[in-house]
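**Q** Spelled out from the first residue to the last, the chains are:
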Amino acid sequence: MKCALVTTTTPTTFPMLDGEKNIVNDAVRGKSSAFGVLYDHYQPMIYRFVLVKVGRREDAEDITHQVFVSAWQNIRGYKHQGHPFSSWLYQIARNQVVDHYRAAKHETSLEKMDPEYFVLPATAHFDLSVKLQIEEVRAAIAKLKPEYQDIVILRFIEDLPLKEVAEAIDKTEGAVKLAQHRAIKELRKLLGGKLSQE
Amino acid sequence: MNLFEILKQFKNIEPDADFSATSRRAILATEPASLPMTARRTIFRIIETGVAVALTGFFVLLITGAFSGSTIEPTPYEAMNPQSLHAEAQAIDMQIQLANLNYTESESSGESTAPTAAGGTATTTTVGGILPVAPLASSTPAAATLGTGTATASSTATTTVSLDQALQALSE
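Sequence lines, in order, name chains W and D. Numbered per the working numbering, the first sequence finishes at 198, counting up by one with no gaps. Numbered per the working numbering, the second sequence finishes at 1172, counting up by one with no gaps.
So here's chain W without its partners, still in its complex pose (with noise of 0.2 Å):
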């Protein structure tokens, strides 16, 4: 199984359902179809979230299904508080990475590893230069303390407005402006003068 790469110049954007809250709600009863709905619409930007912050794909994969696993295993215990879906899906791929990271540390020492090697089949569609900067860019991101890298996918990557991101981190607005702040500072300097300053 290979990623399937889409080089649009217009990126996708995914923002909240229509009518999502009674989608939800249909899936908390247990409606199978509902959930495939939100299965739909949510799998890929989760999918994203996971392999910028693995890298490997069969990891980002792996990872990715037992999220909504879980999500539809634990579905009847959701309580809509006014906060996007996307939000608890969120929550549950970042504990599934800290559980994959744990779990891994028995088995063989990431850093060890190139994260080069893991990334680059993924992003075999772009040319050659745009894939060693996505692949710099996603190593740099990786060595990013664990907020800062979900600030940065969750605004910079996705598009998510300042709200849904703190919704999503359990953080302020306030804390996560702050927080976008000194992330991008700390990916640039991670970078050095790999890339353009404009």
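Each hint should be verified, as a subset may be incorrect.
Stated by the list, open to error - PhoX-like, lysine-lysine: derived pairs with alpha carbons at most 20 Å apart:
| # | chain 1 | residue 1 | chain 2 | residue 2 |
| --- | --- | --- | --- | --- |
| 1 | W | Lys-185 | W | Lys-143 |
| 2 | D | Lys-1008 | W | Lys-79 |
| 3 | D | Lys-1008 | W | Lys-131 |
| 4 | W | Lys-163 | W | Lys-79 |
| 5 | D | Lys-1008 | W | Lys-185 |
| 6 | W | Lys-145 | W | Lys-185 |
Calculated directly from the structure, the hints in this document are not laboratory data.
Following the hints, put chain D in place on chain W, whose structure we already have.
**A** This is chain D only, laid out in the frame that chain W set:
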């Protein structure tokens, strides 16, 4: 290309279509788990059960009360009527051999006899109408089998009386 443009490129990364389809099918083929039993849910379940039992009992009482009328008294039963019971008792032809009546009469003579298993009688002297067992047993071997309690004054004849007569005689 600057940093933000490269970050935007990440959004073009899509999961593999086969993986998505397989994962979706596998997830939706299962049923979501039921909620775990928390303390609050347990208490609520107990209260719910209690209320259900109480309401059931109330409605059962309500229904049975409606059938038995406005009072909760038991239905009168003809066979339990004291008058009919008395009449029924009167109708019975009771033949009771009240040898004790003769026995009390024999107290005046100071003698009592007890029949033996062989049909004979044992005569002893009594004080106050009490039968001494030991002399009786020593007088005749057959007297050891005494136990019927039938006593006669001078003969073994029995008297047949009705129940009312017997009760009246006893009260005297």
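**Q** Any of the earlier hints contradicted here, and which numbers?
**A** Violated: hint 2 alone.
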